[in-house]
Structure formats: structure tokens, C-alpha cells
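**Q** One-letter residues, chain by chain:
Number of protein chains: 2
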Amino acid sequence: MKNLSETFLPALKNELKKQVARLNEAHTAEYHEMISYHMGWVGEGAGAKASGKQIRPFLLLLAVSANGGEWQNALPAAAAIELIHNFSLLHDDIQDNAETRRGRPTVWKKWGVAQAINAGDGIFILANLAMGNLEEKYPAKIVLDAERTLQETCLSLTRGQHLDIAYETRADIEIGDYWQMVAGKTAALLSTATELGALLGGANEKLRFTYREFGHYLGLAFQVQDDLLGIWGNEAETGKSVSSDLLEGKKSLPVLYGLEKGGEFAKRWQEGATAKGTLTEDEIPEMARLLEVEGARLETQRQADQMTELALHALRTANPQGEAGDVLFELTERLLGRAA
Amino acid sequence: MKNLSETFLPALKNELKKQVARLNEAHTAEYHEMISYHMGWVGEGAGAKASGKQIRPFLLLLAVSANGGEWQNALPAAAAIELIHNFSLLHDDIQDNAETRRGRPTVWKKWGVAQAINAGDGIFILANLAMGNLEEKYPAKIVLDAERTLQETCLSLTRGQHLDIAYETRADIEIGDYWQMVAGKTAALLSTATELGALLGGANEKLRFTYREFGHYLGLAFQVQDDLLGIWGNEAETGKSVSSDLLEGKKSLPVLYGLEKGGEFAKRWQEGATAKGTLTEDEIPEMARLLEVEGARLETQRQADQMTELALHALRTANPQGEAGDVLFELTERLLGRAA
Chain L
6 MKNLSETFLP ALKNELKKQV ARLNEAHTAE YHEMISYHMG WVGEGAGAKA
56 SGKQIRPFLL LLAVSANGGE WQNALPAAAA IELIHNFSLL HDDIQDNAET
106 RRGRPTVWKK WGVAQAINAG DGIFILANLA MGNLEEKYPA KIVLDAERTL
156 QETCLSLTRG QHLDIAYETR ADIEIGDYWQ MVAGKTAALL STATELGALL
206 GGANEKLRFT YREFGHYLGL AFQVQDDLLG IWGNEAETGK SVSSDLLEGK
256 KSLPVLYGLE KGGEFAKRWQ EGATAKGTLT EDEIPEMARL LEVEGARLET
306 QRQADQMTEL ALHALRTANP QGEAGDVLFE LTERLLGRAA
Chain A
6 MKNLSETFLP ALKNELKKQV ARLNEAHTAE YHEMISYHMG WVGEGAGAKA
56 SGKQIRPFLL LLAVSANGGE WQNALPAAAA IELIHNFSLL HDDIQDNAET
106 RRGRPTVWKK WGVAQAINAG DGIFILANLA MGNLEEKYPA KIVLDAERTL
156 QETCLSLTRG QHLDIAYETR ADIEIGDYWQ MVAGKTAALL STATELGALL
206 GGANEKLRFT YREFGHYLGL AFQVQDDLLG IWGNEAETGK SVSSDLLEGK
256 KSLPVLYGLE KGGEFAKRWQ EGATAKGTLT EDEIPEMARL LEVEGARLET
306 QRQADQMTEL ALHALRTANP QGEAGDVLFE LTERLLGRAA
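Sequence lines, in order, name chains L and A.
Mind the numbering: the first sequence is residues 6 to 345 in the working numbering, read in order.
Mind the numbering: the second sequence is residues 6 to 345 in the working numbering, read in order.
Derived from the structure by calculation, the hints contain no laboratory data.
Note that the structure is a prediction, hence the values are computed from the model and not measured.
One or more hints might be untrue.
Identical copies carry no separate label here, and so any pair may be met within one copy or between two of them.
Unchecked claim - Straight-line C-alpha distance at most 30 Å; calculated DSS-like pairs for lysine-lysine: (1) 146 <-> 18; (2) 266 <-> 23; (3) 255 <-> 146; (4) 255 <-> 115; (5) 142 <-> 18; (6) 255 <-> 18; (7) 23 <-> 272; (8) 22 <-> 114; (9) 22 <-> 58; (10) 58 <-> 255; (11) 114 <-> 23; (12) 146 <-> 211; (13) 266 <-> 114; (14) 146 <-> 22; (15) 22 <-> 255.
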């Protein structure tokens with residue numbers, strides 16, 4: 006895995022910088038700076054950690070290669086996927102009122118909400134322009150197909166985001182609502198990363214769909230795993246406070262299972278929500294314990310396992326080739342906490 | 006003119022509704038509603054006035070027809086241009102903290118900033134998906150060309166928006182800065198409307214560029230005209246308070262001329278800006294008078310005339326044909342206040 010990521014990721018970074026350089030003009034130097042800062046390239050705390058893990062473009066390039074395609078040709082699409090991920094994070098930070106991202110002040114915190122909205126819009130447009138560059142290496146019809154797939158994904162992302170914001174103030178969220186939201190917010194971009202990789206690697210329609218399924222279930226498994234870690238995770242590993250999801254009142258999957266059961270957890274959650282707005286920090290360990298006793302942890306773990314199985318099944322069906330194929334299996338197992 | 010607008014605009018509305026209907030699903034009904042509200046189709050005050058004048062898509066369809074193309078084929082591009090205009094207005098309203106748009110509460114005012122940012126993102130994505138639909142009627146290479154032109158325009162729009170926000174707090178804005186900002190904020194989308202119309206109407210490279218120039222100067226002339234009306238306009242005609250631009254401290258072209266002259270206007274403006282933050286309402290008539298006495302009104306009018314001449318010159322060079330050609334001249338003269 007090390008070798009391929011050491012080949013792909015520096016090339017991706019070059020491509021990203023080339024795409025963002027469209028804004029590098031005298032009159033808009035500060036605009037270019039905001040985006041370069043958000044990408045983790047400049048400013049205080051710049052560096053690998055500030056750039057994030059770049060899993061989506063890495064998956065895309067691996068899928069190209071595992072289908073026998075030239076990964077270099079697909080770099081503009083990999084850059085576009087990463088730019089779209091960053092566009093959604095930038096707007097998400099404003100929407101969530103989040104003051105830090107990857108350990109650094111967010112763009113809105115540094116430059117204000119108005120400029121941050123605009124910088125997010127700009128990153129999205131840069132992604133669209135990057136997609137157009139695929140025309141240098143692929144037939145126009147393939148480029149249009151890839152673009153349509155990506156834009157439909159973006160629409161799903163905003164659907165998920167809409168639901169996520171709406172759910173914050175709605176009391177009646179059910180498990181079906183959860184899957185709708187997560188399919189948009191987390192799975193859509195991952196499924197498109199693997200699907201576009203297959204398409205640009207030369208896969209046929211059926212294989213392309215299998216790669217899409219792989220990314221979709223990988224996204225769902227990853228999100229459910231993240232929900233478990235958000236309540237019972239190890240703070241040192243996740244970088245989050247162990248009980249932060251409960252403290253924030255986040256309607257994650259274990260909470261929804263707990264609410265569905267209508268036991269002691271549900272009773273106290275609703276009291277907390279109605280009486281004081283949220284739970285207090287000293288109530289959290291007991292609430293986490295109740296969730297576990299009432300079976301919500303186990304049920305969530307079962308969902309995570311099932312989604313992981315579905316992801317691995319799709320990947321086995323896709324039968325990715327060569328070193329990139331091996332790395333796809335390794336990466337999936339590492340992301341889903343199954344690595345040795 | 007009446008006949009063509011009565012043919013084109015209802016067809017445009019159908020196309021817009023078809024494009025926005027992608028979001029019309031049970032789970033995202035409210036998301037669909039926000040966008041339909043912003044487009045002026047539903048909610049309190051819905052109707053023609055709430056939908057705006059739709060000048061950009063009308064220009065696009067006229068340019069298709071004036072080049073001998075089938076305007077119906079270009080409807081997805083016309084819808085995309087109008088959606089992008091509306092996306093930029095929606096985000097602009099958040100950025101400007103504007104509580105009303107076309108006489109109705111803005112989306113952020115009704116649904117909050119988080120949902121409004123997301124709704125704006127959604128409208129932009131719907132525009133991109135609309136562009137992809139051009140493939141039903143045009144060769145893939147033409148579609149990619151049109152898409153690239155539009156995305157570059159969107160990047161210019163955000164450049165202009167970036168400058169506009171930055172200028173609010175910068176004291177050292179000069180006339181060159183003004184043109185940079187206006188080229189992005191106002192002229193970019195108009196020049197792309199006319200350019201795409203020529204491209205999709207079958208114009209050659211040179212003619213396409215002439216149409217682009219026409220739209221560009223039309224946009225600049227329109228903006229300078231708007232700046233004049235913002236200080237010396239008739240309130241009943243413009244719907245704005247006559248002196249609202251001065252009261253808001255907007256660095257419009259007459260103000261920049263006044264500041265450049267460094268006379269009494271500049272002195273009082275700077276005192277107002279430093280001492281109390283802004284001018285008060287009773288100071289406005291005297292400030293407007295000073296601007297006029299010091300020649301800023303005349304100089305701005307000269308710029309408006311020059312840009313109008315350049316727009317009309319480009320349009321004459323483009324030599325648009327048929328009824329659509331006549332309407333292009335009429336519309337230009339009406340927009341620039343030259344109608345009989």
C-alpha cells in the first residue's frame with residue numbers, strides 16, 4: 006500500500022495545486038490564499054495532517070489501475086473528487102458553526118462567513134473545471150458521463166446535508182431517515198469515487214455498477230463505525246472526546262436504536278431534550294451504559310458488520326487486479342477496523 | 006419583442022421546473038420547496054415579479070435564434086444560466102445580510118443560514134445537470150465547450166463576489182478595482198449568455214467572440230447605469246430609495262470618481278467613514294450635490310455612454326438576423342435606458 010500511495014498522492018497534490026492555481030492572480034491573491042489554506046497547503050499548521058487523508062481520490066485512482074487503466078489520465082477526476090469533498094467541508098463548517106477543522110481555525114472563523122461561502126463556491130467550480138480537463142485523455146462522451154455521475158452525487162450530498170440540518174431540530178427521526186441522510190452525506194461521494202475509477206479505468210457497465218456498490222457500502226460501514234466510535238471510541242485513537250456525540254445530542258445510529266426501544270435511555274434522552282436542551286457531561290457515561298445494556302451498541306455493531314460484509318462482497322465480485330487490487334482490499338479492511 | 010418573450014419565457018419556465026423537479030421527492034420536499042420559493046413559483050408573493058426579469062436566458066435564446074439555430078434545443082442552457090444567476094443571488098443575500106429579495110423574505114430569513122447555503126449549492130448543481138442535458142441535441146464536444154465556458158464564468162462571478170466583499174472594508178479602492186469587480190459580478194454572466202447563445206446557434210469562433218463582447222459591454226453599461234440610478238434615480242422607477250447607495254456607503258463608480266478628485270465630497274466621505282462609520286440620512290442630498298458639482302455624475306454618465314456604444318457596436322458587428330435580431334437591439338436599448 007505504501008508504494009502506491011507514495012506514487013499516487015504526490016501526483017494528486019500536483020494536480021490539485023494546478024487546478025486551484027486558476028485563482029492565483031494579483032487581484033484575487035487573498036481568495037486563492039483562503040482556498041490554499043483550507044486545502045492545508047499554506048498558513049499556520051499547514052502540512053499533511055491539515056490536508057486530510059484523501060481517501061476518495063486514492064480510491065478513485067486505485068480503481069482506475071485495478072481495471073487496467075492509466076491512473077495518470079484520471080488525475081483531474083481524482084482532484085475533482087477531493088475538491089468536492091473540501092467544498093462540502095467548508096460549507097459544512099459554516100452550517101455547523103464549527104470553529105476548527107483538522108486542528109486549525111476554519112475559513113469562516115479566519116475570513117468571515119461571507120468570504121467563506123464564496124470560497125466554498127469557488128472550490129466547487131474548480132472541481133467542475135477539473136472534470137472538463139478529462140477531455141485531454143478521454144472521449145467527450147465518457148467525460149460527459151463522468152460529469153453527470155459526479156453532479157448527481159453532488160445533488161445527493163446536498164440532499165444528505167439538507168436532512169442532517171433538518172434533523173437537528175426534528176424530534177421524530179427514525180432509522181429509515183438515518184439511512185437516507187447517511188446515503189447522501191457519506192456514501193454518495195465514496196460510491197462515485199469508486200464508480201468513476203472503474204469508468205475511467207475502462208470497466209463495462211456491470212463492473213462499474215459493482216464498484217459503485219462497493220463504495221456505497223464502504224461509506225455506510227464507515228459511517229456506522231464512526232457512530233460507534235463517537236460513543237464508545239478511544240479518545241486517543243479518534244481525536245474526539247469519547248462521548249462527544251451524546252453530548253452534542255447527535256442522532257447517530259445507536260441513539261436512534263435506543264430511542265426506538267423506548268426504554269430508560271429514551272426516557273432520559275427526551276427529558277434531557279425537553280427540559281434543558283441537551284444532556285450534561287456528567288450524565289454521559291450512564292447514558293452510554295444504558296444504550297449498551299438496552300442492546301443498541303450490539304445492534305449498531307451488527308449493522309456495521311453487515312455493511313462491511315456487503316462492501317467486501319462487492320469488492321470480491323469486482324475482482325480488482327494487480328497491486329492496486331490488493332491495496333483496495335487492504336485499504337477497505339483498514340478503514341473498517343479489520344486490519345491485523 | 007412581446008411575441009418572442011411570450012414564446013420563449015413560458016418554455017423557459019417549463020424547462021426550469023423540469024430541472025428543479027429532480028429534488029421533488031418525499032424525503033426532500035422542503036428542500037425542493039426552498040428552491041421553488043426562491044425561484045418565485047410558490048409561497049407568499051409568488052408570481053412573475055418574484056421570478057425576476059430573466060434577461061440572461063432571454064438573451065441566450067435570442068442569440069440562438071438570431072444565428073439561425075433552434076432555440077428549443079438550447080433551453081437547458083437557458084435554464085442553467087437562470088439557475089446560476091439565482092444561485093448567486095441566494096448566496097449573495099446571505100453574504101449581504103439582506104432580508105428581502107424581490108419584495109419577499111429571503112431564503113436564509115425563512116429557513117436559516119445553514120439551509121440557505123445548502124439551497125444555493127443545490128441550485129448551482131441543478132444548473133450543471135441542466136447543461137448535461139444539452140447532449141440530447143448537440144454533439145458531445147460542443148456540450149463540453151459550453152460547459153467549460155459556463156464554469157469559467159462562474160469562477161469569474163466568485164472572483165467579483167470576493168472583491169465586492171473585500172472592498173466593503175477596504176478604504177483604498179480605486180477605479181481600476183471597480184472595473185475588476187464589476188467585470189466579474191455583472192458582466193461575466195451576461196457575456197456568457199450571449200456567447201452560449203451564439204455557440205448553440207451555430208456561430209463560428211469569431212462571431213461567438215463578438216457576441217461575448219456584446220454581452221460584456223452590455224453588463225458594464227447596465228452596472229454603470231445602475232450606479233447612477235442608485236444616487237440620482239427616481240425612487241418610483243427603481244424601487245430603491247434614491248440615495249440608498251450613498252447611505253449604504255457603497256463604493257459605486259460616482260463615489261470613486263468623487264474620492265479620486267479629492268475635493269469636498271472626498272473630505273466629508275472620509276470624515277463620515279472614520280468618525281461615525283457611515284453618513285446619516287440628512288447628509289445625503291448635500292453629498293449627492295457635491296458629487297454632481299465636482300463632475301462625478303458627468304464622468305459616470307460618459308462611462309455609461311461609452312459602454313453602451315461599445316455594446317451596440319458589438320451587436321451591430323454581430324449582425325443578428327430575423328425577429329430575434331430586432332429584439333436584441335430593442336432589448337439592449339431598453340436595458341440601457343435609450344428606449345423611445
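**Q** Against this structure, judge whether each hint is valid.
**A** Here is what the structure says about each hint:
Proximity of residue 146 to residue 18 under the C-alpha cut-off of 30 Å is found in both arrangements, the shortest distances being 27 Å within a copy and 28 Å between copies. In the homo-oligomer, the alpha carbons of residue 266 and residue 23 never lie at most 30 Å apart, since the shortest distance is 52 Å inside one protomer and 42 Å across protomers. Taking the closest pair of Cα atoms, residue 255 and residue 146 never come within 30 Å of each other, the shortest separation being 43 Å inside a single copy and 47 Å across copies. Taking the closest pair of Cα atoms, residue 255 and residue 115 come within 30 Å of each other both inside a single copy (26 Å) and across two copies (24 Å).
In this homomeric assembly, residue 142 and residue 18 come within 30 Å of each other (Cα to Cα) only inside a single copy, at 19 Å, whereas the closest approach across copies is 37 Å. For the identical chains of this complex, residue 255 and residue 18 are neighbours neither inside a copy (34 Å) nor across copies (40 Å), given an alpha-carbon limit of 30 Å. Neither within a single protomer nor between protomers do residue 23 and residue 272 lie at most 30 Å apart by alpha-carbon distance, with minima of 54 Å and 45 Å respectively. For the identical chains of this complex, residue 22 and residue 114 are intra-copy neighbours only, at 23 Å inside a copy versus 37 Å across copies, given an alpha-carbon limit of 30 Å.
In the homo-oligomer, the alpha carbons of residue 22 and residue 58 lie at most 30 Å apart inside one protomer (16 Å), although the nearest pairing across protomers, at 39 Å, exceeds that limit. Within a single copy, residue 58 and residue 255 get their C-alpha atoms as close as 24 Å, which meets the 30 Å cut-off; across copies the closest is 43 Å, which misses it. Taking the shortest alpha-carbon separations for residue 114 and residue 23, only the intra-copy value of 26 Å comes in at or below 30 Å, while the best inter-copy value is 38 Å. Both within a single protomer and between protomers do residue 146 and residue 211 lie at most 30 Å apart by alpha-carbon distance, with minima of 18 Å and 26 Å respectively.
For the identical chains of this complex, residue 266 and residue 114 are neighbours neither inside a copy (40 Å) nor across copies (37 Å), given an alpha-carbon limit of 30 Å. Both within a single protomer and between protomers do residue 146 and residue 22 lie at most 30 Å apart by alpha-carbon distance, with minima of 27 Å and 26 Å respectively. Taking the closest pair of Cα atoms, residue 22 and residue 255 never come within 30 Å of each other, the shortest separation being 35 Å inside a single copy and 35 Å across copies.
Figure legend: structure checked against the earlier numbered hints; hints not met, in rising order: 2, 3, 6, 7, 13, 15.
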